[in-house]
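Student: Next come the chains, spelled out residue by residue.
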Amino acid sequence: MKTEHTPNEVSIPEETLRKWEARGVSRRDFIKFCTATTAAMALPMTFVPRVAQAMEDNRLPVIWVEYQSCSGDSEAFLRANQPAAGDIILDVISLEYSEVLMAAAGHLAEEAKQQAMEKYKGKYVLIVEGAIPKGDGGVYCTVAGRSAVDSCTELVRNAAATICVGSCASFGGIPAAAPNPTDAVSVMDLVPGAPVINLPGCPVNAENLTATIVHFLTFGKLPATDRLGRPKFAYGKRIHDNCERRAHFDAGQYAEAFGDAGHRQGHCLYKLGCKGPETFHNCPTIRYNEGTSWLVMAGHGCVGCSEPQFWDTMSPFYRRLPNVPGFGVEMTADKIGIGLAAATAVAFGAHGVASCFRRGDNMEQDKVIEEE
Amino acid sequence: MAKKIAVDPITRIEGHLRIEAQLEGGKIANAWSSSTAFRGIETILKGRDPRDAHHFTQRFCGVCTTVHSMASIRAVEDALKIQIPDNARLIRNIIMGIQNVQDHVIHFYHLHALDWVDITSALKADPKKTAQLAQSISDWPNSSVKHFKAVKERIAAFVSTGRLGPFQNAYWGHSAYRLPPEANLMAVAHYLEALEWQKEVIKVHAILGSKNPHPQTFLVGGMAIPVDPDSQNAINADKIAYMQKLLKKARLFVEQVYIPDLLAVASFYKDWAAIGGGVGNYLAYGDFHMDNAGGTDNLYFPRGVIMGKDLANVLPMDEKKITEYVTHSWYDYSGGNDRGLHPYQGETSHNYTGPKPPYDFLDTDGKYSWVKSPRYNDQPMEVGPLARVLVAYASGNQDAKTIVNYVLGQLGVGPEALFSTLGRTAARGVDCLMMARMNEKWVADLVNNMGRGIYETHNAEKWDPSTWPKEAQGFGYHEAPRGALGHWIRIENGQIANFQAVVPSTWNAGPRDAAGQMGPYESALVGTPIADENKPLEILRTIHSFDPCLACAVHVMDGKGNELIKVKAL
Ligand code: SF4
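Residue numbers (the UniProt record's numbering), protein chains in the order written: chain D, 1 to 372; chain R, 1 to 570.
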């Protein structure tokens with residue numbers, strides 16, 4: 001990242017750096033964190049001191065709850081870098097409740113949650129992981145004898161802001177996949193109108209979560225989003241727009257089978273089912289696990305996990321997207337991308353339709369969807 | 001006087017678990033284990049492409065995120081009789097191996113240690129004595145006075161803010177905590193170090209599988225990650241070297257930090273070698289193929305069954321003897337709720353009869369959990385690292401014998417001590433060390449293949465569903481970090497006709513069966529002493545020793561009680 005090589009442009013007060021050193025965070029690491037986070041939020045580098053300042057203030061109270069989840073987002077958070085999860089927990093936020101990490105259990109754990117909610121009313125950030133099952137009076141998910149529907153609604157209403165991590169909390173995710181046996185819903189559907197930001201992905205990319213928290217600390221508000229509530233800094237472009245294999249797509253060079261010569265040489269994965277042309281996410285630019293890799297880099301196509309209802313609209317995952325003609329022409333490919341997204345939204349608008357379509361479909365043939 | 005208590009939520013686990021217990025004379029007289037959430041993924045799977053199943057089932061659990069991919073893919077490969085290339089076998093072993101290693105370390109430090117380690121007592125420790133203690137048990141370079149002093153100061157600064165975050169409201173100061181302050185400080189320092197370590201070593205998943213959690217690299221017939229020393233976009237020498245570095249780092253931490261800490265902590269809690277034994281029957285599917293023949297004869301962890309703690313007789317495992325009961329689970333079987341069904345015949349029609357939320361207690365005489373009760377030959381079975389290690393030990397696996405004997409020798413206890421809460425926690429360490437050492441061998445074998453020009457990672461012969469038989473069924477297994485994991489699939493006309501998973505936590509967390517036999521959690525809790533009924537720390541110790549993972553366990557339910565959707569021929 002360019003900013004790493006020009007730390008002298010960034011001026012963070014000496015006093016701040018010393019404070020972080022006293023906490024066991026080296027000045028190098030702190031500067032790196034502030035610049036990387038500023039860059040992740042797509043802000044100019046002049047904002048670095050402001051980000052540093054925000055980190056300086058009192059730890060932000062955070063309540064992290066899980067409902068119909070697999071804990072994958074909590075696990076992703078544990079893999080966070082710059083700062084690492086340990087630093088975030090000790091220095092950046094005050095994690096008042098997290099079932100995965102907290103030491104307390106049973107009624108004492110519940111008490112901690114309740115106390116934090118009252119003490120920091122209107123000031124805490126709520127992080128929700130997992131969908132919320134509304135079916136049959138909420139019996140499909142209870143914690144301490146209370147339904148997720150009840151407790152989530154109360155926590156969202158009292159929060160300064162709610163961050164939905166992962167596709168389940170954002171859009172319903174896998175529990176809401178057809179036929180949605182438990183009537184699972186997303187947080188924005190459970191509590192319409194509440195200040196909610198969605199960080200879909202299965203699971204969330206920890207760096208996008210950190211950047212969102214820091215944005216909140218820096219500006220006292222959530223970042224700008226698209227119409228699906230996703231921050232533009234992370235979901236503003238399609239995977240296909242930034243993909244390292246895009247040149248091969250444009251040149252008409254495709255892997256035809258897993259492990260063939262083209263596949264080994266990094267050709268485009270479109271024919272093996274890659275959903276990058278329809279998926280908005282910053283995977284190719286920030287990657288995962290401290291920039292180690294991402295789907296396409298490891299030879300497997302994108303499954304579209306940051307899009308609503310992707311389990312229904314993007315599957316079968318190994319069938320290519322509806323036929324994209326005109327290989328090699330940048331403009332055509334783009335136009336098709338947009339056309340596809342619209343057409344798919346219409347075709348798969350309802351779950352029921354999605355599953356009928358899926359079952360009735362001959363999976364090895366391309367779906368032919370007319371372009372508008 | 002008997003008194004009933006409920007611990008809900010059980011924290012530091014995956015998912016939603018509730019324990020109710022009847023206390024009498026300072027001990028647990030009776031216990032009930034209940035899962036309080038479900039999603040219905042099995043229903044969602046019906047009618048889908050069997051090649052996609054692993055993407056869905058991987059979301060059963062986000063903690064050990066590869067294991068369901070593995071079991072699902074093996075189920076499809078078993079059904080379609082697909083043999084995978086040798087490189088795919090090795091890559092799978094490496095992915096699974098590092099998953100087990102990383103998961104066990106996280107479990108020990110972040111999910112289990114606080115049951116034994118009083119973090120607040122660490123503030124009273126002398127960093128000099130802590131360094132002496134640490135250096136006396138291991139060569140770990142990070143054991144200086146300076147290091148422990150810095151950790152102590154950091155914790156003190158944190159505590160002085162008056163905001164303990166995830167550490168508030170815990171059972172600190174409880175009379176059942178027994179470590180001296182120095183051991184507590186050492187453990188707290190390693191809690192933080194392990195947090196850093198785990199995110200590094202799991203990058204092996206990212207290299208081979210794009211990311212962690214939820215890697216995206218498995219395929220029916222092999223792996224999506226290409227292998228080619230002459231490519232920038234495949235596993236080449238560069239990436240091999242990176243993996244070797246990470247795997248060595250993983251092994252060193254296990255050898256020099258985890259195992260010494262485990263032994264040091266355990267030496268203060270030896271009475272727990274006689275508490276929390278449970279059902280005494282152990283089941284392991286075995287795993288980690290040592291050759292490419294595809295059978296189950298040459299597995300690093302062998303397959304087998306031990307009944308009634310009888311280590312002299314390891315019985316063969318027969319998946320046909322597995323059934324699931326719903327007598328005390330919120331489901332109905334069409335043929336009556338008192339019979340067990342094999343997973344191929346599994347039925348999942350829900351019938352919630354529990355109290356309307358909010359509630360104080362469940363009706364434990366009736367149905368009280370979303371988890372079914374799996375049985376082997378109608379017996380409850382414990383699965384997990386203890387089962388895996390016991391079967392390996394009793395079958396004569398040399399690595400298992402050497403390490404188990406070392407651990408028992410260090411603690412001065414006999415093999416019978418393994419049948420306990422402490423034994424379960426120790427066996428996890430043994431399992432972890434065995435895997436940490438094997439990982440480097442599998443990478444060496446992969447390098448050897450690549451050196452001989454063998455680059456194949458995927459067998460595409462049966463990739464196209466038009467080559468499949470009209471009907472097929474298969475069993476996929478895996479020794480996940482938490483134990484024996486099985487997926488059963490029935491394929492009709494190229495689509496999933498039925499899918500059943502019996503996961504490790506279903507075996508362990510399940511409620512009573514038709515004969516009233518308790519599940520392993522329940523059984524292990526009976527007889528446990530409870531010093532303070534308001535702070536039942538002892539319940540956490542035994543339950544956490546199983547490493548519960550409940551999202552997994554409640555995967556298989558059909559929320560609407562729908563009949564299997566009849567799949568029409570196209
Ligand atoms: S189709 Fe997929 S692999 Fe190909 S360029 Fe687009 S995003 Fe990359």
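Careful: at least some of the hints might be erroneous.
Stated by the list, open to error - In silico SDA-like cross-links for lysine to any residue, where the CA-CA straight-line distance does not exceed 25 Å: (1) D:K19 <-> R:K149; (2) R:K321 <-> R:T353; (3) R:K149 <-> D:I88; (4) R:K239 <-> R:N448; (5) R:K129 <-> R:L252; (6) D:K134 <-> R:T353; (7) R:K3 <-> R:K309; (8) D:K32 <-> R:K46; (9) R:K4 <-> D:Q114; (10) R:K46 <-> R:G335; (11) R:K149 <-> D:R28; (12) D:K271 <-> R:G335; (13) D:K271 <-> R:K321; (14) R:K249 <-> D:G291; (15) R:K129 <-> R:Q83; (16) R:K248 <-> R:F268; (17) R:K249 <-> D:G86.
To be verified - Computed far set for chain R versus chain D, every beta-carbon distance over 12 Å: (18) H54; (19) A131; (20) L299; (21) D445; (22) P465.
Calculated from the structure, these hints are not laboratory results.
Note that CB positions come from ideal geometry on N, CA and C, so glycine has one too.
Student: Hint by hint, note whether the structure agrees.
Tutor: Do the hints match the structure? See the list:
Simply put, K19 (chain D) and K149 (chain R) have alpha-carbon atoms about 17 Å apart, close enough for the 25 Å limit, and the pair holds. For the hint pairing K321 (chain R) with T353 (chain R), the CA-to-CA distance comes to about 29 Å; that exceeds 25 Å, so the pair is violated. As the CA atoms of K149 (chain R) and I88 (chain D) are separated by approximately 21 Å, the hinted pair is consistent with the 25 Å bound. The straight-line distance between the Cα atoms of K239 (chain R) and N448 (chain R) is roughly 15 Å, inside the 25 Å bound, and the hint therefore holds.
Between K129 (chain R) and L252 (chain R) the alpha-carbon distance is near 24 Å, which keeps this suggested pair within the 25 Å criterion. With a C-alpha separation of about 17 Å, the suggested pairing of K134 (chain D) with T353 (chain R) holds against the 25 Å cut-off. With a C-alpha separation of about 32 Å, the suggested pairing of K3 (chain R) with K309 (chain R) is violated against the 25 Å cut-off. With a CA separation close to 48 Å, the supplied pair K32 (chain D) and K46 (chain R) exceeds the 25 Å bound.
Taking the CA atoms of K4 (chain R) and Q114 (chain D), the gap is near 24 Å; set against the 25 Å cutoff, the hint holds. With a C-alpha separation of about 22 Å, the suggested pair K46 (chain R) and G335 (chain R) falls inside the 25 Å cut-off, and the hint holds. Between K149 (chain R) and R28 (chain D), the direct Cα distance comes to roughly 22 Å. Compliance with the 25 Å bound is thereby established for this hinted pair. Annotation: proposed proximity of K271 (chain D) to G335 (chain R) is violated, straight-line Cα distance about 47 Å (limit 25 Å).
With a C-alpha separation of about 43 Å, the suggested pair K271 (chain D) and K321 (chain R) falls outside the 25 Å cut-off, and the hint is violated. Distance restraint check for K249 (chain R) and G291 (chain D): the Cα-Cα separation of roughly 19 Å lies within the 25 Å cut-off, and the hinted pair is therefore satisfied. For the hint linking K129 (chain R) to Q83 (chain R), the alpha-carbon distance of about 56 Å lies beyond 25 Å, and the restraint is violated. The straight-line distance between the Cα atoms of K248 (chain R) and F268 (chain R) is roughly 30 Å, outside the 25 Å bound, and the hint therefore fails.
Of the supplied pair hints, the one linking K249 (chain R) and G86 (chain D) holds, its CA atoms being roughly 19 Å apart against a limit of 25 Å. A beta-carbon of chain D is positioned within 12 Å of the beta-carbon of H54 (chain R); the least distance is around 10 Å. With a cut of 12 Å on Cβ distances, A131 (chain R) stays outside the contact zone with chain D, its closest approach being about 17 Å. Every Cβ of chain D is farther than 12 Å from the Cβ of L299 (chain R); the closest lies at roughly 26 Å, confirming the non-interface assignment.
Every CB of chain D is more than 12 Å from the CB of D445 (chain R) (nearest about 18 Å), matching its label as outside the interface. Residue-level check failed: P465 (chain R) sits 6 Å from the nearest beta carbon of chain D, not beyond 12 Å.
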